[in-house]
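**Q** Residues per chain, in single letters:
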Amino acid sequence: MTYISHSGETRQVAVPVGDSVMEGAIHNDVEGIVAECGGACQCATCHVYVDEAWLPRLNPIQEDEDAMLNTTASERRPNSRLGCQIPLTKALDGLIVRTPPTQQ
Amino acid sequence: MNGVVIVGAGQAGFQTAASLRMAGYDQPITLIGDEPSLPYQRPPLSKAFMAGKHEIEATALRPLAFYETHRIELVTDARVTEIDRLSQSLTLATGRRIPYDALVLAVGASNRPLPVSGAELEGVCYLRTDREAIEIRQRIRSARDIIVIGGGFIGLELAAAARGMGKSVRVLEVQTRLMARAMPPILSEFYRDVHSAEGVDISLAVSISKMNGHRGRVTEVVLDNGATYPADLVLVGIGVVPNVELARVAGLSVANGITVDEHLATQDPSIYAIGDCADHPNPFAANPFAAPQGARVRLESVQNAVDQAKSVAAAILGRAETYRAVPWFWTDQFDIKLQMAGLSGGCQEVIARGELESRKFSLFYFRDGRLAAVDSVNRPADHMIARKLIASRSRVTPEQVADLSVDLKMQAETGAGM
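Listed in order, the protein sequences are those of chains A and B. Going by this note's numbering, the first sequence opens with residue 741, and the numbers climb by one from there. Going by this note's numbering, the second sequence opens with residue 5, and the numbers climb by one from there.
Take the hints with a grain of salt, since some may be wrong.
Unchecked claim - Chain B regions said to be covered by chain A (calculated; three or more residues, Cβ under 8 Å):
(1) 159 to 172
(2) 281 to 289
(3) 400 to 409
As the list claims (entries may be wrong) - Pulled a few chain B residues facing chain A out of the computed Cβ check, cut under 10 Å:
(4) Ala55
(5) Gly56
(6) Ala69
(7) Thr73
(8) His74
(9) Arg75
(10) Gln179
(11) Thr180
(12) Ala184
(13) Val210
(14) Ser211
(15) Gln307
Hints are computed from structural coordinates only; laboratory data are not their basis. Beta carbons: idealized from backbone N, C-alpha and C, even for Gly.
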């Protein structure tokens, strides 16, 4: 999958199926994802903007995530998600996300 | 230049190294830990890992390559025996001497041992490290009668995980209510009901007399009142004591932890202490004696570890600012997510937002008329807003928080005032 930073830097990394978009970033030292709580849906610091083409293939937003997304440091957009709440599947091979200007 | 040496490779130590590099610090960084693993997160050990939701590898904060890429020398399985403040160096048990320009003590805390006979029996376990978590999870799987000693966060998280695996679980707590140190009676009662409904037996106001065993393995727990419970696994979570010995021997001031000022520096300006071991002034604590920097507290949390690490990194880079991050905590037990913002000690007024029966509510705590803390049960949006309200010293009123039609987000954005 691919992470594109706010400044436009692109990182393409291999993330195992089952790992989350957040874990893929942390394990590959991708900048722009903080993940302070380590994936417990507690901190809203793994906020990403998902490339529109991929939105229909994502798992739906749960209530917790929806509430946390209302409090992100960078503005919430229709394609906002928390990286820790998107587990990668075969259908998401090639996923593209953009990281926001700030997470905190 | 000898650079920065960090003792303790937990969340605080790791974050110090990471934040220094992120800020462009280009001198050597040495991160010394006393465990064999790569630095990892502890919160999931009693939660997602214990419940079997993920494996231990997922707790690593970063892969090994991170430390290589960022030129952070990671020294694992190492014990620091001495700090020599005069020569600004420390010594490892192996005899290696490491000089420093700045030293960060992120040495954490140790589990308080249960001072009764039989505590050394096999099957009596404490949780702090990843390896202990692996062992406990295995033992829970094969256990029949599990006794949890201590009805605090760790004890109750372990009880919930074990019950979730279908085990018989009894919690023994010496206080008259659960999580008494961190929570008001109303939440203690709520959690007692939650655990009882899930089938966890809870005994309050009881103290342990001894544990009996057979062939070196624990078989039962005996209370002071004579009651005896069979047990083939005893999980002890009765609090921690900060690791202050290294600092004390080095002549640094210690009290409830290593004493630091509002910049997290000890009285030796080249030595800092952060995380679970740091006794620091906190502007969000109750302050009955009106200490100018805030009353002194010691906090055991990811938030405190991470924010103090960032603060110390800034101080080392010559950009010291008073530490003033809003404390927050969380605990997951069964399907209940509790998020706590602020410090509720010394609060006189508690207002509920939402109905307790709905299992979605927040409690707002007011100290001297001002919002000081919020505990949110399955209301994550309240929690995030609470952090902003508390940080900005909001003038939000008890009437406003009690009224579900009042949008607190608006208050967070507009209602600030010192």
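**Q** Report the numbers of all earlier hints that the structure fails to satisfy, in ascending order.
**A** Numbers 1, 2, 3, 4, 5, 9, 10, 11, 12, 13 and 14, in rising order.
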